[in-house]
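As given, the protein sequences belong to chains A and B, one line each in that order. Note that the first sequence covers residues 205 to 316 in the numbering used here. Note that the second sequence covers residues 64 to 181 in the numbering used here.
Calculated directly from the structure, the hints in this document are not laboratory data. The beta-carbon is built from N, C-alpha and C at its ideal position, and this holds for glycine as well. Don't take every hint at face value.
[To be verified] Simulated restraints on C-beta separations:
id: 1; chain 1: A; residue 1: 231; chain 2: B; residue 2: 120; range: 17 to 27 angstroms
id: 2; chain 1: B; residue 1: 79; chain 2: A; residue 2: 232; range: 40 to 50 angstroms
id: 3; chain 1: B; residue 1: 151; chain 2: A; residue 2: 231; range: 46 to 56 angstroms
id: 4; chain 1: B; residue 1: 179; chain 2: A; residue 2: 207; range: 21 to 31 angstroms
id: 5; chain 1: A; residue 1: 270; chain 2: B; residue 2: 174; range: 27 to 37 angstroms
id: 6; chain 1: B; residue 1: 116; chain 2: A; residue 2: 255; range: 28 to 38 angstroms
id: 7; chain 1: B; residue 1: 140; chain 2: A; residue 2: 230; range: 29 to 39 angstroms
id: 8; chain 1: A; residue 1: 222; chain 2: B; residue 2: 135; range: 22 to 32 angstroms
id: 9; chain 1: A; residue 1: 224; chain 2: B; residue 2: 134; range: 33 to 43 angstroms
id: 10; chain 1: B; residue 1: 122; chain 2: A; residue 2: 211; range: 14 to 24 angstroms
id: 11; chain 1: B; residue 1: 79; chain 2: A; residue 2: 222; range: 46 to 56 angstroms
id: 12; chain 1: B; residue 1: 128; chain 2: A; residue 2: 222; range: 30 to 40 angstroms
id: 13; chain 1: A; residue 1: 284; chain 2: B; residue 2: 116; range: 38 to 48 angstroms
id: 14; chain 1: A; residue 1: 222; chain 2: B; residue 2: 116; range: 43 to 53 angstroms
[To be verified] Taking lysine-lysine pairs in the DSS-like style, the calculated list, with each CA pair at most 27 angstroms apart, reads:
id: 15; chain 1: A; residue 1: 206; chain 2: B; residue 2: 134
id: 16; chain 1: A; residue 1: 303; chain 2: A; residue 2: 274
id: 17; chain 1: B; residue 1: 66; chain 2: A; residue 2: 246
id: 18; chain 1: B; residue 1: 120; chain 2: A; residue 2: 206
id: 19; chain 1: B; residue 1: 118; chain 2: A; residue 2: 303
id: 20; chain 1: B; residue 1: 118; chain 2: A; residue 2: 246
id: 21; chain 1: B; residue 1: 66; chain 2: A; residue 2: 260
id: 22; chain 1: A; residue 1: 303; chain 2: B; residue 2: 134
id: 23; chain 1: A; residue 1: 246; chain 2: B; residue 2: 120
id: 24; chain 1: A; residue 1: 246; chain 2: B; residue 2: 133
id: 25; chain 1: B; residue 1: 120; chain 2: B; residue 2: 81
id: 26; chain 1: A; residue 1: 303; chain 2: B; residue 2: 133
id: 27; chain 1: B; residue 1: 118; chain 2: B; residue 2: 76
id: 28; chain 1: B; residue 1: 81; chain 2: A; residue 2: 246
id: 29; chain 1: B; residue 1: 133; chain 2: B; residue 2: 81
id: 30; chain 1: B; residue 1: 116; chain 2: A; residue 2: 303
id: 31; chain 1: A; residue 1: 246; chain 2: B; residue 2: 134
id: 32; chain 1: A; residue 1: 303; chain 2: B; residue 2: 120
id: 33; chain 1: A; residue 1: 206; chain 2: A; residue 2: 246
id: 34; chain 1: A; residue 1: 303; chain 2: A; residue 2: 246
id: 35; chain 1: B; residue 1: 76; chain 2: A; residue 2: 246
id: 36; chain 1: A; residue 1: 303; chain 2: B; residue 2: 66
[To be verified] Looking from chain B toward chain A, a few residues come up when the C-beta cut is under 7 angstroms (computed):
id: 37; residue: 105
id: 38; residue: 106
id: 39; residue: 124
id: 40; residue: 153
Each chain is listed here by its residues.
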Amino acid sequence: QKEVEQDPGPLSVPEGAIVSLNCTYSNSAFQYFMWYRQYSRKGPELLMYTYSSGNKEDGRFTAQVDKSSKYISLFIRDSQPSDSATYLCAMSGGGATNKLIFGTGTLLAVQP
Amino acid sequence: DVKVTQSSRYLVKRTGEKVFLECVQDMDHENMFWYRQDPGLGLRLIYFSYDVKMKEKGDIPEGYSVSREKKERFSLILESASTNQTSMYLCASSLWAEGGDTSTDTQYFGPGTRLTVL
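Chain A with its partners taken away, still in its complex shape (with noise of 0.2 angstroms):
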């Protein structure tokens, strides 16, 4: 079983749709969570950082953590072609020499 597991898509919506990314993992210890976004041939850009369990919002974004049930959300309300991309979910358990451990990604497309 892989430490951080997530759905690779690929996830077409409408312009305007509420997009929901998850993943589920496996290690209690984790307790920094982030969401990155990487567009076709770019690298992956942080989007969202959380510590431990609870919800942050940033505009159209919301980022979810629900350490009891190992699993954390991405949210994107009135989502736009713009928001086209692969979304990769990462955590760690922190600490000097912090390896983050990632997800697969989901590839998601937001058509006008």
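Given chain A, put chain B in place with the hints provided.
Chain B only, in chain A's frame:
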């Protein structure tokens, strides 16, 4: 803004060649990382370094080595390139701040080098 640059966007090499991939970051970050990204496998950590001249193996170090002579520069070396090393290579850096600062663990990525080994 953090900037991480990689020496080449696209590279084509022949089997058996020695290949150098260079990465430079301009934010005085302690930690630097090399990943490869393959469809269906996601990002896999090859090597990382948490200080100058320090290095640690990641999950898939076989066939690779690294060099970090200066804090801002981290090089990935393919000693004898093979076709199964055809991949997208991504470099990242991060600042480690004691005390759980929100910047802890955030990795900033370069644009990637797409390497093809023929």
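Comparing the hints with the structure gives:
| no. | hint | in the structure |
| --- | --- | --- |
| 1 | A:231 with B:120: 17 to 27 angstroms | holds, 19 angstroms |
| 2 | B:79 with A:232: 40 to 50 angstroms | holds, 45 angstroms |
| 3 | B:151 with A:231: 46 to 56 angstroms | violated, 26 angstroms |
| 4 | B:179 with A:207: 21 to 31 angstroms | holds, 30 angstroms |
| 5 | A:270 with B:174: 27 to 37 angstroms | holds, 33 angstroms |
| 6 | B:116 with A:255: 28 to 38 angstroms | holds, 31 angstroms |
| 7 | B:140 with A:230: 29 to 39 angstroms | holds, 33 angstroms |
| 8 | A:222 with B:135: 22 to 32 angstroms | violated, 42 angstroms |
| 9 | A:224 with B:134: 33 to 43 angstroms | holds, 40 angstroms |
| 10 | B:122 with A:211: 14 to 24 angstroms | holds, 22 angstroms |
| 11 | B:79 with A:222: 46 to 56 angstroms | holds, 51 angstroms |
| 12 | B:128 with A:222: 30 to 40 angstroms | violated, 46 angstroms |
| 13 | A:284 with B:116: 38 to 48 angstroms | holds, 45 angstroms |
| 14 | A:222 with B:116: 43 to 53 angstroms | holds, 49 angstroms |
| 15 | A:206 with B:134 | violated, 33 angstroms |
| 16 | A:303 with A:274 | holds, 18 angstroms |
| 17 | B:66 with A:246 | holds, 14 angstroms |
| 18 | B:120 with A:206 | holds, 19 angstroms |
| 19 | B:118 with A:303 | holds, 13 angstroms |
| 20 | B:118 with A:246 | holds, 26 angstroms |
| 21 | B:66 with A:260 | holds, 25 angstroms |
| 22 | A:303 with B:134 | holds, 18 angstroms |
| 23 | A:246 with B:120 | holds, 25 angstroms |
| 24 | A:246 with B:133 | holds, 26 angstroms |
| 25 | B:120 with B:81 | holds, 19 angstroms |
| 26 | A:303 with B:133 | holds, 21 angstroms |
| 27 | B:118 with B:76 | holds, 26 angstroms |
| 28 | B:81 with A:246 | holds, 25 angstroms |
| 29 | B:133 with B:81 | holds, 21 angstroms |
| 30 | B:116 with A:303 | holds, 18 angstroms |
| 31 | A:246 with B:134 | holds, 24 angstroms |
| 32 | A:303 with B:120 | holds, 11 angstroms |
| 33 | A:206 with A:246 | holds, 25 angstroms |
| 34 | A:303 with A:246 | holds, 21 angstroms |
| 35 | B:76 with A:246 | holds, 21 angstroms |
| 36 | A:303 with B:66 | holds, 20 angstroms |
| 37 | 105 | holds, 4 angstroms |
| 38 | 106 | holds, 4 angstroms |
| 39 | 124 | violated, 13 angstroms |
| 40 | 153 | holds, 6 angstroms |
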